[in-house]
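J.: In case you want the letters, here they are:
There are 2 protein chains.
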Amino acid sequence: MIKKTNNHFYDNFEFNSVSAEIKYKNRDDFALIFSKKPCNAAAVFTKNLVKASPLKVSSANIKNKIRAVLVNSGNANAATGTQGMENALKLNQVLSEKLNIPSGSILQCSTGVIGIQLPVEKMINSLPALVEGKNPDKADFFSKAIMTTDTFNKISTYEFSHDNINYRVTGIAKGAGMIAPDMATLLAFILTDFPVSPDKMDTIFRAAADSTLNAITVDGDTSTNDTAILLSPENDSYFIDDNDLSLFREALTAVMSDLAYMLIKDAEGATKCVKISCINAKSENDARLCSRAIAQSMLVKTAIFGEDPNWGRIACAAGYSGADFNPDNISISFNNIVLLDKGSPLGHNIIEAEKVIKNSEYTITIDLNEGNFNWTFLTSDLSYDYVKINAEYTT
Amino acid sequence: MIKKTNNHFYDNFEFNSVSAEIKYKNRDDFALIFSKKPCNAAAVFTKNLVKASPLKVSSANIKNKIRAVLVNSGNANAATGTQGMENALKLNQVLSEKLNIPSGSILQCSTGVIGIQLPVEKMINSLPALVEGKNPDKADFFSKAIMTTDTFNKISTYEFSHDNINYRVTGIAKGAGMIAPDMATLLAFILTDFPVSPDKMDTIFRAAADSTLNAITVDGDTSTNDTAILLSPENDSYFIDDNDLSLFREALTAVMSDLAYMLIKDAEGATKCVKISCINAKSENDARLCSRAIAQSMLVKTAIFGEDPNWGRIACAAGYSGADFNPDNISISFNNIVLLDKGSPLGHNIIEAEKVIKNSEYTITIDLNEGNFNWTFLTSDLSYDYVKINAEYTT
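Same order as they appear, the protein sequences are chains W and Z.
The working numbering runs 5 ahead of the 1-based position in the first sequence.
The working numbering runs 5 ahead of the 1-based position in the second sequence.
Be aware that one or more of the hints could be misleading.
In this list, chains with the same sequence are indistinguishable; a pair is considered to hold if it fits within one copy or across any two.
[What the hints assert, rightly or not] For lysine to any residue, the following SDA-like pairs were computed, each having C-alpha atoms within a straight-line distance of at most 20 angstroms:
#1 K52 / G348
#2 K52 / L294
#3 K42 / N69
#4 K56 / S349
#5 K393 / G311
#6 K52 / N334
#7 K287 / F378
#8 K41 / F14
#9 K287 / N379
Just so you know, these hints were derived from the structure itself, not from any lab.
None of these values were measured; they are calculated from a predicted model.
The task is simple: from the sequences and hints, build the whole structure.
T.: Below, the structure written as structure tokens:
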């Protein structure tokens with residue numbers, strides 16, 4: 006059995022954050038995770054062709070044993086050309102000296118505005134304080150320093166017991182805008198003391214990401230900096246059997262689900278957090294295409310904001326999603342209120358559906374009546390504040 | 006040479022509109038095009054799986070000789086099940102009797118809210134007046150009656166001379182929201198007196214639609230009712246050679262370009278009309294994918310609204326578009342102001358770019374420096390009013 010806990014403390018992992026005034030004043034924007042032991046690591050990176058320099062560094066190092074993750078907010082160090090890469094490598098080198106660890110054992114993440122060079126001197130000057138103050142108690146500080154337009158920090162820990170030993174999985178993320186399938190400006194750091202087999206880490210991590218961080222959408226824009234990282238310290242022996250891994254899988258998925266939920270709750274301008282569940286599709290891919298198209302539709306998202314149970318827009322988005330189904334057989338409901346029943350509108354249920362859609366959280370289910378594959382996306386609404394945040398600020 | 010004209014008058018085509026109070030009060034919402042001669046026809050329909058009943062009727066009849074097009078606004082007659090189809094067929098039958106033409110010679114289009122049954126009795130009661138008042142002078146009335154959230158009616162005519170005979174092409178369209186590649190809630194009716202070969206009509210029409218009506222985007226939502234129709238009266242002989250067809254092609258493309266431009270100018274909530282031009286791509290498909298992803302990006306569209314020359318969001322959208330290119334070689338400019346030059350940001354040009362982006366119309370060019378294929382999309386911005394229109398009204 007897995008259990009949620011507020012205890013984010015590990016003997017092995019240390020955290021810190023400082024203000025390097027990269028973009029913000031009066032808040033921390035430069036953060037570190039340090040691992041006393043070398044870690045096995047897995048990562049999911051953006052599929053965007055335009056990749057930020059720190060992401061290229063992380064991607065090159067991910068197969069190594071990892072000792073540290075260096076993160077900054079306020080500047081993405083993306084589309085910054087040769088100088089951007091030089092800046093990333095410079096930070097890597099100085100940190101490696103300060104911590105006395107191989108430069109190849111450092112992962113780097115940046116998030117913020119694209120196309121502006123990092124204030125690399127200020128950052129280098131801040132590195133000694135960042136390294137000196139590291140402490141196992143400071144996961145919260147780390148989680149706050151990596152925020153951009155996030156309104157709250159995102160951290161979740163689950164614990165479980167296996168062979169009478171207690172283990173934990175902790176996830177820390179930042180999001181807010183540019184959240185789309187295949188990641189987004191989403192940084193997520195998952196730490197565990199469970200000795201998961203290095204051979205299985207990547208597969209397990211990708212599967213967990215698929216149904217959590219890759220099943221949420223705010224604006225459909227996939228960013229240049231998306232990175233999710235899983236770290237687990239080296240051990241003398243590892244769990245490799247599916248039976249031994251099942252609670253770890255469960256805890257990992259629960260942590261990443263929590264992060265996904267918090268990311269949508271805190272989506273830019275969001276007033277609603279809605280589950281879009283496509284059920285009884287012919288294939289998992291159909292279910293995913295269908296729920297994703299509905300979750301991304303600007304017309305559906307504005308209707309959710311306007312508290313209008315406009316199931317026509319939902320049917321329309323399903324229709325262009327690429328999923329294969331017979332439109333005369335589909336059903337659409339808001340929680341348990343059915344508005345379209347196998348192709349026939351149930352107009353008398355509209356008043357009940359209007360009550361459901363006034364909630365800040367509910368589920369829209371589209372039943373394709375074709376097979377037995379399901380997929381769920383989490384989505385936010387499209388509000389005036391989304392426009393305001395993205396029109397008025399360079400992010 | 007082709008020439009724009011305000012003369013939309015044809016001997017062959019008659020128009021009318023009446024108020025059937027389908028949804029709106031105090032305005033016409035039911036409209037007719039009548040052709041004295043049977044017409045050869047071509048059409049482009051939505052690719053949405055969820056197709057409105059009138060669209061199914063039109064799609065079944067498009068290969069016949071066409072005499073009439075019946076259009077209503079205020080109700081899409083989509084996702085209305087068996088009764089929706091019965092209503093469409095009932096209107097078809099009554100109109101066919103009133104006009105004394107085969108029921109198979111009638112095309113039908115509806116636009117408006119999805120999932121509500123047509124007030125078919127009111128519409129049938131309005132048909133006599135609709136038929137009786139038809140007149141070659143009433144193209145403007147027709148163009149106004151088909152509007153939904155459009156703020157102005159859209160009509161364009163070009164004329165040209167071939168073998169010393171004058172011909173014309175006239176286009177009438179409605180749009181406003183749900184405008185996306187592969188059509189949208191877009192109805193477009195193109196009429197001509199040019200005897201284009203029936204064998205070539207379809208190909209010529211699709212090619213013209215591809216670079217005009219299919220190269221605009223407002224919200225990326227492809228509707229259930231999209232239809233573009235080309236009508237040309239039967240003749241004793243037809244032009245079939247490319248030389249004979251070239252001015253017709255040119256006029257057709259000019260008319261449909263005008264309609265596309267007007268559709269974006271009148272996009273829901275739009276304050277800007279921006280050309281997104283991807284140049285020097287490896288293939289036409291790459292150029293199209295790239296310009297389309299930028300044109301559809303909510304982050305790009307809010308930046309356009311906020312008058313922020315945020316080229317980072319443009320590079321980012323290009324990166325996830327699926328187009329193949331080397332991010333270190335791309336250039337991005339606002340009109341002639343270059344902000345990214347083969348991967349290097351030109352920060353000193355920002356002030357000039359900020360001037361460009363204050364205009365209501367301008368061009369964003371992304372040069373992939375890979376090959377010699379180009380594609381251009383027209384897009385609008387994402388404003389508070391887009392959210393307002395789509396959150397507050399059931400459309």
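J.: If a hint holds in the structure, say so; if it doesn't, say that too.
T.: Do the hints match the structure? See the list:
In this homomeric assembly, K52 and G348 come within 20 angstroms of each other (Cα to Cα) only across copies, at 19 angstroms, whereas the closest approach inside a single copy is 37 angstroms. Taking identical chains as interchangeable, the C-alpha atoms of K52 and L294 lie at most 20 angstroms apart whether they share a chain (18 angstroms) or sit on different chains (15 angstroms). In the homo-oligomer, the alpha carbons of K42 and N69 lie at most 20 angstroms apart inside one protomer (13 angstroms), although the nearest pairing across protomers, at 77 angstroms, exceeds that limit. In this homomeric assembly, K56 and S349 come within 20 angstroms of each other (Cα to Cα) only across copies, at 14 angstroms, whereas the closest approach inside a single copy is 47 angstroms.
For the identical chains of this complex, K393 and G311 are neighbours both inside a copy (17 angstroms) and across copies (8 angstroms), given an alpha-carbon limit of 20 angstroms. Taking CA atoms no more than 20 angstroms apart as the test, K52 paired with N334 passes between copies only; the shortest distance there is 19 angstroms, against 35 angstroms inside one copy. In the homo-oligomer, the alpha carbons of K287 and F378 lie at most 20 angstroms apart inside one protomer (6 angstroms), although the nearest pairing across protomers, at 38 angstroms, exceeds that limit. Proximity of K41 to F14 under the C-alpha cut-off of 20 angstroms is restricted to the intra-copy arrangement: shortest distance 14 angstroms within a copy versus 83 angstroms between copies.
Taking identical chains as interchangeable, the C-alpha atoms of K287 and N379 lie at most 20 angstroms apart only when both belong to the same chain, with a minimum of 9 angstroms there against 38 angstroms between chains.
In summary, the structure agrees with every hint in the numbered list given earlier.
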